[in-house]
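Given only the sequences and the hints, what does the whole structure look like? Please build it.
Line order of the protein sequences matches chains A and B. Residue 93 in this note's numbering is what sits at position 93 of the first sequence, and the numbering runs on without skipping anything. Residue 81 in this note's numbering is what sits at position 81 of the second sequence, and the numbering runs on without skipping anything.
Don't read these hints as lab results, they were simulated from the structure. All figures in this text were calculated on a predicted structure; none of them were measured in a lab. Even for Gly, the Cβ is constructed at its ideal location relative to N, Cα and C.
Under 10 angstroms between C-beta atoms, here's a sample of chain A residues computed to sit facing chain B:
hint, residue
1, Ser31
2, Tyr33
3, Tyr35
4, Gly42
5, Leu46
6, Ile47
7, Phe90
8, Ala92
9, Ser94
10, Ser102
11, Glu103
12, Arg111
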Amino acid sequence: DSGVTQTPKHLITATGQRVTLRCSPRSGDLSVYWYQQSLDQGLQFLIQYYNGEERAKGNILERFSAQQFPDLHSELNLSSLELGDSALYFCASSPMGTSGRSEQYFGPGTRLTVT
Amino acid sequence: AQKVTQAQTEISVVEKEDVTLDCVYETRDTTYYLFWYKQPPSGELVFLIRRNSFDEQNEISGRYSWNFQKSTSSFNFTITASQVVDSAVYFCALLFNAGNMLTFGGGTRLMVKP
Numbered sequence: 001d002s003g004v005t006q007t008p009k010h011l012i013t014a015t016g017q018r019v020t021l022r023c024s025p026r027s028g029d030l031s032v033y034w035y036q037q038s039l040d041q042g043l044q045f046l047i048q049y050y051n052g053e054e055r056a057k058g059n060i061l062e063r064f065s066a067q068q069f070p071d072l073h074s075e076l077n078l079s080s081l082e083l084g085d086s087a088l089y090f091c092a093s094s095p096m097g098t099s100g101r102s103e104q105y106f107g108p109g110t111r112l113t114v115t
Numbered sequence: 001a002q003k004v005t006q007a008q009t010e011i012s013v014v015e016k017e018d019v020t021l022d023c024v025y026e027t028r029d030t031t032y033y034l035f036w037y038k039q040p041p042s043g044e045l046v047f048l049i050r051r052n053s054f055d056e057q058n059e060i061s062g063r064y065s066w067n068f069q070k071s072t073s074s075f076n077f078t079i080t081a082s083q084v085v086d087s088a089v090y091f092c093a094l095l096f097n098a099g100n101m102l103t104f105g106g107g108t109r110l111m112v113k114p
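Shown next, in the form of structure tokens:
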């Protein structure tokens, strides 16, 4: 158990809908990262927040957004969903803003299926 | 640009065989970090090891060992006396010093048969 929690574990929804994925980092970690794992794109970094502020952005679509709250939990919002958004979405956390000095620990993931 | 290549998409071995998973990386940075993660069938990503670019010492942890060679830009992972529980997808990843995002390779699916 990494200490990172994600809810829900599974989500099935229809095209055009909007969903929210939730992540709670390990105790004491200030950074939260979101990654997407899909069959065609592999594991890709989406976005990072550090202590409530956006720190880095990867291949995140404009239909997707995230935020980190004062209690450090984070939410990833996916809107106007398309079939291609079906994937496993991981959250990871680390203590610092620049994570080279420490590992990123991953949550169990949320499996999103868009039908 | 950073890139991680895991040329072996799938490896199948019989229990107790040794197996090496290859990882080759590209980066222009002189300071960077390399990682291995394991993704068992249950789906979670489990951290295995982190090495920085200044430490080329090989590392051994039980049946696992890692060989880091800067000269060939490789960070290979060997499992000795493989077990069925080692069956998983293994990912190699790279992170440069000032960066925050892990760049993952495509993964190697290891199947250990009894």
